[in-house]
Amino acid sequence: MQRKPTLLIAAAVLAVAGVYSASAILRAARVLRASTDTVEREGRIAFSAAVLDRQIPAGFEAVQSPAGFQDAAVFGNQIFIGGAGGLFEYSASGDLLRSFRTGIELPAAPVTALATGLAVGSVGRQLWIATAGEGALVYDGSRFRQIRAELAGARKLTSVLPLATGRVLFGGATEGVLAFDGEHLAPLHPSLRGLHVTALAGEESSLWIGTEESGVLHWHAGQLDRYGEPEGLPDPHVFAIAVAADSAYAATVSGVAEIRDGRIQRTLAPGFTVQSVLVHGGELFAGTLGEGLRRTPLESRTKAGAALASGCADCSISRVLIAGGATLALTKDGLYRAGPEWSALLTSSEARLTDRNISALAPDAEGRVWIGYFDRGLDILDLNTQRVRHIEDDAVFCVNRIVHDTHRDRTAVATANGLALFGANGEKRQVLTRADGLIASQITDVLFQPDGTMLAGTPAGVSFIEPARISSVYAFHGLVNNHVYTLGQMGSRTLVGTLGGLSTLESGLVTASYTISNSGFKHNWVTALQPVGNDVFVGTYGGGILHTAPGGAWTTFDGFPASFEVNPNAMAASSRAVYAGTLDRGLALYDRASERWRWITRGLPSLNVTAVAIEAGVVYIGTDNGLVRVPEGSLLQ
Amino acid sequence: MKHALLVAFSAMLAFGDAGVLLPTDAKQPDPAVLSLEEMSIDVVIDNRDARVSIRQIYANHTGKILEGNYTFALPSRALVSDFAIWDDVTRIPGVILERKRAEELYSDIRIRALDPGLLQMGERDAAEAGRGASFVARVAPIPAWGTKRVEIEYHERLAVDQLKGYFAIPLRPDVYRSQTAGKLSVHLEFHSEHPLQSFAFTSKAYPLKVDEQSAHLVRASFDGRSVNLSEDLAAEYSLVAPATDTLAVTTHRDANEPGFFEAGLVAAGHAETTTAPRTIIALFDTSLSMQWEKLERSYQALETLLRSLKPGDRFNLLLFNSTVTTMSTAPIQIAPGAIEKALAFVRASRLTGGTDLQAALDIALKQTGPNLYIVLLSDGGATSGIIGNAKLAEWYRARCSRIAANQRPRTYVFAVGDDANLPLLKLLARANGTLEHVRSTEPPEFKLNAFLSKLGRDPVTDLRLTASPGVGLVYPLDESVFPGSIASWVGMYERARRTTFAARQARAVVDLPVQSAAHPDLPRTWAKARVDALLEQIERDGEARALIDEIIRLSRKYKFVTPYTSFLAAPRALLRPRLIRPGDPVLRVKTDPSIASITAVFPFGLVKNLRYLKPEDTWQTRFLAPPDMRDGVYSVRLVLRDREGRTFRESKTFVIASKPPEVRVRLDRTRYRAGEIVRLKVGASDTARTIVARLYGAEPARLRWNARMSSNTGDLLVPSYLAAGRYKITVTAEDFAHNIGTGEVSIEVVP
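Sequence lines, in order, name chains A and B.
Be aware that the first sequence starts at 49, since it is given in the numbering used here, and climbs by one per residue.
Be aware that the second sequence starts at 1002, since it is given in the numbering used here, and climbs by one per residue.
No lab work stands behind these hints, which were simulated from the structure alone.
A portion of the hints provided could be inaccurate.
What the hints assert, rightly or not - So the derived label-pair ranges between C-beta atoms look like this:
#1 A:GLY91 <-> B:GLU1446: 37 to 43 Å
#2 A:GLY172 <-> B:HIS1062: 57 to 63 Å
#3 A:HIS438 <-> B:GLU1446: 42 to 48 Å
#4 B:PRO1337 <-> A:GLN478: 45 to 51 Å
#5 B:ARG1695 <-> A:ASP499: 30 to 36 Å
#6 A:ASP101 <-> B:PRO1594: 57 to 63 Å
#7 A:GLY372 <-> B:HIS1062: 57 to 63 Å
#8 B:ARG1348 <-> A:LYS476: 35 to 41 Å
#9 B:ARG1348 <-> A:SER540: 17 to 23 Å
Ideal Cβ positions, reconstructed from N, Cα and C, are used throughout, including at glycine.
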């Protein structure tokens, strides 16, 4: 009797899959050029080049996060600003003209660098956009083309430099300097492979390369010169390089090195962590990390300090540029004129959330969503009024998990600095730490038991928080590993997911432990637990998702990959589906009716899904690059 | 915790073997990079004071200037008395300074971009306490293709129990694989006022040649090349059993200084343990402060204690933290099942914050039984009930005195941890008992056996040294003395004259000299005893400036660290790691107050400013480690800026440890009879710090790296009473970050 509906559903799924496949084929037909010429010649990197034609998936709504500006460039008559949130086009007067959002209109990877140039085969200047994971984008004013390497490392770009010859250089986080000539993508030179490049400047005949730990490299006339600490570089970590006249200026963690005539002449803005640098009008402008824009006159040939250029003494300046004759400084949320008066040319549109990097989500029955951040505390977003209350202090800072106790009108916020307890109105009542008897102050997960006992998972074991006392157990008491990532409850059994396997507790005593050596476990590192009816889904970090088969043995799901990472506590379930946030594959969705898994990637601002929650038929999906919400029905269509 | 969950910070300096210099980014000694070219060890044992001087020369075989961490695992009774690093031809010694002054200097040296180190007592968190048994110093620079000379000297007070003594220099590899010394020379000189019956080296790796041996002197030496430091340099000796109490007095006096003497009494008497049934009330501390190594060592002590009990003995077990839980209402008969039940009782307990030691002692005193012993296994950190040391000790003394003398229990204290409250535990043990102390990381076996051997034996009573005519301040060096042990006193004198010393039945007539170069370490021994007495006075009566000034003066003059002084090591040597906690994807840095900002430069391109957390007085940031980063040791660079705008840079290492240690257990067979030994060979990840094998009913076996077998090896004794059947041997390996890996293997016990 049960077979018919199952078959019907399966047929529907197949039909949907068929439509989806046809759509994919049509999209594929629009690919301008695809290189499947895999590395016939040594060093070449296979890539695809395709026009971006991203259809916005139905139902996805991004909850507005800070733009996270990273780089800016003038293209045409407009100012383009890129960052974690995507690419934003502004008029010269600072009006937002168009937005291209990460994961929606653009691929799900933050924009890291922008540059304009005339590439081989193009009819006019183009805007070149580097991304952290999705290769490069080229924008001609009307459409985007994506240059996407097959090699994942070659898609992690940090910098871009169009050359006068028409070639475009990319700086990579792992693959060094790559050259693109419209036909081929390849390392510029074997000696520049494998570097973590942070900055590119200059031209083909005299190329300056900033690196993450190896200082500055100067590639000229087939020769490679290195400038590191022994040569006088203030620090081997280089953020940016500017070239002016016969000198190069390398911005580092400890000031700006002026390089001329094959040696480091002096350090400017010494002691400042300089992220961006510009030479203009006989002055050096240094955009610092948290200490504003500093300026130093260059005429003096001696060591020079750095005065505050103007305004915002504690701003972090990621880019300094000239536009319309003005010196502009880019911060995370705005572009400022750095003249005698510090004034905003533009600021990002009003963000509702405090940060983009979500680490925990917990909608409540009052129409509020509690949003925990990786290192920016907590927002309580009232969906009715759209107001946000931000909480950030020395305890509520690095949030790991938020759990509501609906029976007792309290909310527990697990953080790296203690367990913060909030009342129904969102007022912080108490912060428990090791000083109060917890086995560690860093809390990874919280579980409320029916009797009111609260369990706190920590890297040192589990603490039981009862009204009268706090007690703890760890490996000494039989726990399979001290490092607890996740907690779950199945009837009278408490499940404890750890780095070394899964333990079950009853009445506080360890009754069983499961590892790869004694059970069907495929991976020991348990990061998320989700009871689903009589079953329990176990998310692991590297071994996909397990569940209990009939008979109680642990097993994987047929036909579903078994080698991906589920982020800690990034699982949720409704009566219709189970969701799991993964490190780099987006959201895994298990349709309980069809008993099949599928992946949700489109519409997400990042494929690193760090938190999932469901309330009133809406799925909240937190990533390391923003938050979206979508009706569950849309996901299950 | 998202994304970065796989990162575990760990001070790689945490546990150490004797004299290992590792490049900061290395996990194990690699002679291709840094080799131990020469090592010389000079040991002078003057009765019970052993002075060990070690000089090591390391060679850098690379073209890079290296920085390294020098780790020396100190024996538990040892106190560092000197440390120096040579910079080319210049010897840069460490100095003892008043704590406040040391901190000022430390800041000053930092400002001058040098890298000093500071060694202090107390004020350490649990993680640091766990590292306390190791002396750690940063050594830099180690010149390219050059050498670096490091010197360390320490004093250790040797225990003599049942007329037997044991001495060891911990050269055996523990965390690190063994080193090979290109050239090793050892010189040992042992002077004993009491006649020696035997003396033998127990270590085989260093076959010392005995150049001279008599009843009062042993001289031995060893010179070797390419010597693998695979085991401790150890010796055992025994004293001639005296028919009557014997007293020996040694003296030392420098010109224009007061003189010092040490009197040692060997108490005659039967050393045998009584056969009368005993009643043991074990008090086991399960408070949160016992977490990690202290709990493991206490548990090991408890298990050894229970397994050492004999038929007829009775015991009860009291677990205490903020409350007290008793295993049974009254002591029960010892039996294998009862022992396993007691151990399971401990494992089923939970740790709780707070320690009501008074309540635990009170309940223990209500237990009754013949030949009653209260055995306290604790760090002594009372937090509820009476918490003042002097008050709690006085309460306990008064409470004991209310019990009839023939039913009054003896109080044996096994103190664990570098932060153990020894002043209190010492006072408690004065209730006709004894105190033994093991540090958090030291192997406890020897001391544990000595401690347990005293159960059932009566301490020597009426121990008092008299001198006629009178001398200056005299201090006992031993809290309790059992037959076959030596009771020692150290004292000062002003007037050189013939003096008669007496203790119990023994008497010695000595001409206290005007000047004598013999026994040169006596002044230091006296000073340390004097400082201990002053600290006890402060504990009892509160701080007084005069007392503190004297402690500081003696500490500086005789070079030992006290709660009021610090050892400021050579510039460029870092002795105390910054606060970094294991198992945490959060970087925490503790600095002096002058620092206004810190930027962390991570090795994967991330640059973040740290945030200052006022309540914890700590800088903190959280970071994401890319998922493709392999497990290993990495450095994060810190750029610190002070309020004057000056910047300083430091590197910290952290460990990415995404996997617990892997364990592979191998047996040569799987069928055993009761009473046979299971020889275990266990392969484990090189991150494993401790490996322990357990079998139901058997004493756990701690496995050690065996270079010859290229494996970790150890033996498990199948208990003689174990019934036939299948049993599981569980082997657990634990790494720096307290990650546990487990391997299991089944054996069949056949009739």
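Here's how the hints hold up against the structure:
no. : hint                               : in the structure
1   : A:GLY91 <-> B:GLU1446: 37 to 43 Å  : 60 Å, violated
2   : A:GLY172 <-> B:HIS1062: 57 to 63 Å : 59 Å, holds
3   : A:HIS438 <-> B:GLU1446: 42 to 48 Å : 56 Å, violated
4   : B:PRO1337 <-> A:GLN478: 45 to 51 Å : 47 Å, holds
5   : B:ARG1695 <-> A:ASP499: 30 to 36 Å : 33 Å, holds
6   : A:ASP101 <-> B:PRO1594: 57 to 63 Å : 58 Å, holds
7   : A:GLY372 <-> B:HIS1062: 57 to 63 Å : 60 Å, holds
8   : B:ARG1348 <-> A:LYS476: 35 to 41 Å : 37 Å, holds
9   : B:ARG1348 <-> A:SER540: 17 to 23 Å : 20 Å, holds
Of the hints listed earlier, those the structure fails to meet are numbers 1 and 3, in rising order.
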